[in-house]
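Trainee: Below are the chains, spelled out letter by letter.
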Amino acid sequence: MEHKFVGFKCKSCSRVMYPKHDRCLSCKGTEFEEVELGDEAKLITYTKLYAIPEGIEMPPLTLGIVDFGNNVRALGQITTDEPKIGMRLRPVWGKLRKIGGKEIFGFKFEPIEKG
Amino acid sequence: MRDVAIIGAGMTKFGRAQGDLMDILAEASMRAIKDAKAEKKDFDAVYVANMMGGVTAHQTAIAPALVDRLNLVPAAAECVESGPAASGAALKDAFMAVASGFYDLVLVAGGEKMTTADTDVVTDLVATMLHPTAEYVHGVTLPAMGAMLTRLYMERYGLTERHLAMVAVKNHANGLKNPYAHIQRACTVEGAMSSGVVADPLRLYYVCPISDGSAAVVLCPLEKAKEFTDKPVRIAGFGHATDVQSVHEREDPAVLKSVQLASKQAFNMAGITPKGIDVVELHDAFEILEIVESEDIGFFEKGKGHLAVEKGVTALNGKLPINPSGGLKARGHAVGATGMAQIVELVWQLRGECGERQVKDAKRALACNFGGFGNDTVIHILERGW
Numbered sequence: 001m002e003h004k005f006v007g008f009k010c011k012s013c014s015r016v017m018y019p020k021h022d023r024c025l026s027c028k029g030t031e032f033e034e035v036e037l038g039d040e041a042k043l044i045t046y047t048k049l050y051a052i053p054e055g056i057e058m059p060p061l062t063l064g065i066v067d068f069g070n071n072v073r074a075l076g077q078i079t080t081d082e083p084k085i086g087m088r089l090r091p092v093w094g095k096l097r098k099i100g101g102k103e104i105f106g107f108k109f110e111p112i113e114k115g
Numbered sequence: 001m002r003d004v005a006i007i008g009a010g011m012t013k014f015g016r017a018q019g020d021l022m023d024i025l026a027e028a029s030m031r032a033i034k035d036a037k038a039e040k041k042d043f044d045a046v047y048v049a050n051m052m053g054g055v056t057a058h059q060t061a062i063a064p065a066l067v068d069r070l071n072l073v074p075a076a077a078e079c080v081e082s083g084p085a086a087s088g089a090a091l092k093d094a095f096m097a098v099a100s101g102f103y104d105l106v107l108v109a110g111g112e113k114m115t116t117a118d119t120d121v122v123t124d125l126v127a128t129m130l131h132p133t134a135e136y137v138h139g140v141t142l143p144a145m146g147a148m149l150t151r152l153y154m155e156r157y158g159l160t161e162r163h164l165a166m167v168a169v170k171n172h173a174n175g176l177k178n179p180y181a182h183i184q185r186a187c188t189v190e191g192a193m194s195s196g197v198v199a200d201p202l203r204l205y206y207v208c209p210i211s212d213g214s215a216a217v218v219l220c221p222l223e224k225a226k227e228f229t230d231k232p233v234r235i236a237g238f239g240h241a242t243d244v245q246s247v248h249e250r251e252d253p254a255v256l257k258s259v260q261l262a263s264k265q266a267f268n269m270a271g272i273t274p275k276g277i278d279v280v281e282l283h284d285a286f287e288i289l290e291i292v293e294s295e296d297i298g299f300f301e302k303g304k305g306h307l308a309v310e311k312g313v314t315a316l317n318g319k320l321p322i323n324p325s326g327g328l329k330a331r332g333h334a335v336g337a338t339g340m341a342q343i344v345e346l347v348w349q350l351r352g353e354c355g356e357r358q359v360k361d362a363k364r365a366l367a368c369n370f371g372g373f374g375n376d377t378v379i380h381i382l383e384r385g386w
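Just so you know, the sequences run in chain order A and B. Under my numbering, the residue at position 31 of the first sequence is numbered 31, and the numbers go up by one with no gaps. Under my numbering, the residue at position 285 of the second sequence is numbered 285, and the numbers go up by one with no gaps.
No wet-lab data here; the hints were simulated from the structure. It is possible that part of the hints are untrue.
Claimed, not checked - Below are the BS3-like pairs computed for lysine-lysine, each with C-alpha atoms no more than 30 angstroms apart in a straight line: (1) B:Lys304 to A:Lys42; (2) B:Lys224 to B:Lys363; (3) B:Lys257 to A:Lys28; (4) B:Lys257 to A:Lys20; (5) A:Lys84 to B:Lys302; (6) A:Lys42 to B:Lys257; (7) A:Lys11 to A:Lys42; (8) A:Lys48 to B:Lys302; (9) B:Lys319 to B:Lys177; (10) B:Lys34 to B:Lys363; (11) A:Lys48 to A:Lys98; (12) B:Lys302 to A:Lys42; (13) B:Lys360 to B:Lys37; (14) B:Lys257 to A:Lys9; (15) B:Lys304 to A:Lys84; (16) B:Lys177 to B:Lys360; (17) A:Lys28 to B:Lys264; (18) B:Lys224 to B:Lys37; (19) B:Lys257 to B:Lys304; (20) B:Lys257 to A:Lys84; (21) A:Lys11 to B:Lys257; (22) B:Lys177 to B:Lys304; (23) B:Lys319 to B:Lys231; (24) A:Lys48 to B:Lys257.
All of these numbers come straight from a predicted model, not from anything done at the bench.
Please model the complete structure; the sequences and the hints are all you need to start from.
Mentor: If you want it as structure tokens, here you go:
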């Protein structure tokens, strides 16, 4: 099964939200459809976390906030130890960590190679 | 609506407590009750703020248990859990209960026992305040959030690591003068800047410790306060506002909108502007937060809070002393109790009882109690009621 990184688009005002809300953040609309957030985002801030939580294998864990444009952003793991503000990233499906011994999967962000 | 006064205040020394959660809650509460000379009085209600007692103290329904311990039976009792903003929320609830005329004598206590659990357990519990699927699951912790906010500030406003170190040095210096502080040790800018990295660019010295602690106040209508004390402290205003939970989804991730809104409400209610405040306690779980909150409350222009630190404006002898108690950095952070410890410090400041760390002639004070990573803020403004 192919996983798609989706947000939630308000059917009344078209605002896209991630994560999900039951009333639209702009117009309080209550009907939404799933939309793909795109395959390119820009890194706006990041950290390399050394005091890692349980279920993460090795420090540092690079985490960041990426911007898909139109004020749609997401937080996630960044798959490089050399993050740079403004770098282009794409969402990729993979193992995030273990919680209570159970493997958790989700989207993280990997750099888009130049050219 | 009736005016409401704080007529008694007390707290335990923050740090590693010998007693259990109920011991420290009882200790702080009895100090507040004795301070109000209300040992023989019947209380109408008790509000208890606590975040993680169910896990770290393996005890639930803490408020009626405290009523039993203090023999305040049959006072109405309830526990408030809203993360580290629990104490601010509990005080606000108690204020409304007294202001509305329903209750005349109320105890509000915050307590947390954290050092019984391992650091990684506590860090994980605190991280559960974040959005479960959009934040927590990815391995983000509160220090990671503090680090990402810091980097935004560095990129946008020219804040440097040295500014964070300067806030830590100031708060350690204040903590050294506070017998209730968890950390009573001076530090230097160089020392702070060579401590270990927790979440780049945050080092150990830019992050608060994990503390046990409890703090409590007693409230009554201002018109009855003279029966208890010559120096009642009036709650002049409060504000309580939330924001979207996920930091990435906020209009601007570098703005603490809940702080802005709660402050505006509190200033409106008190009928003053930020200029009317003499002393401040802010929620510096990470030193960047002291700077950002000082701007979003309205003390300094956005992006210029670090310059005020540089100029010494926020030092104990500065124009606007921030965190005379040492703040979360040095007084310590016992999550559910922290907001009440801020209030107790400010009551003592207004009454002129702070000794070496006394802010001269403090007449009006502001406390900012902050939950989640800024999605829940309670502001209180206190003033002399005599």
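Trainee: Any hints this thing doesn't respect? Which numbers, in order?
Mentor: none
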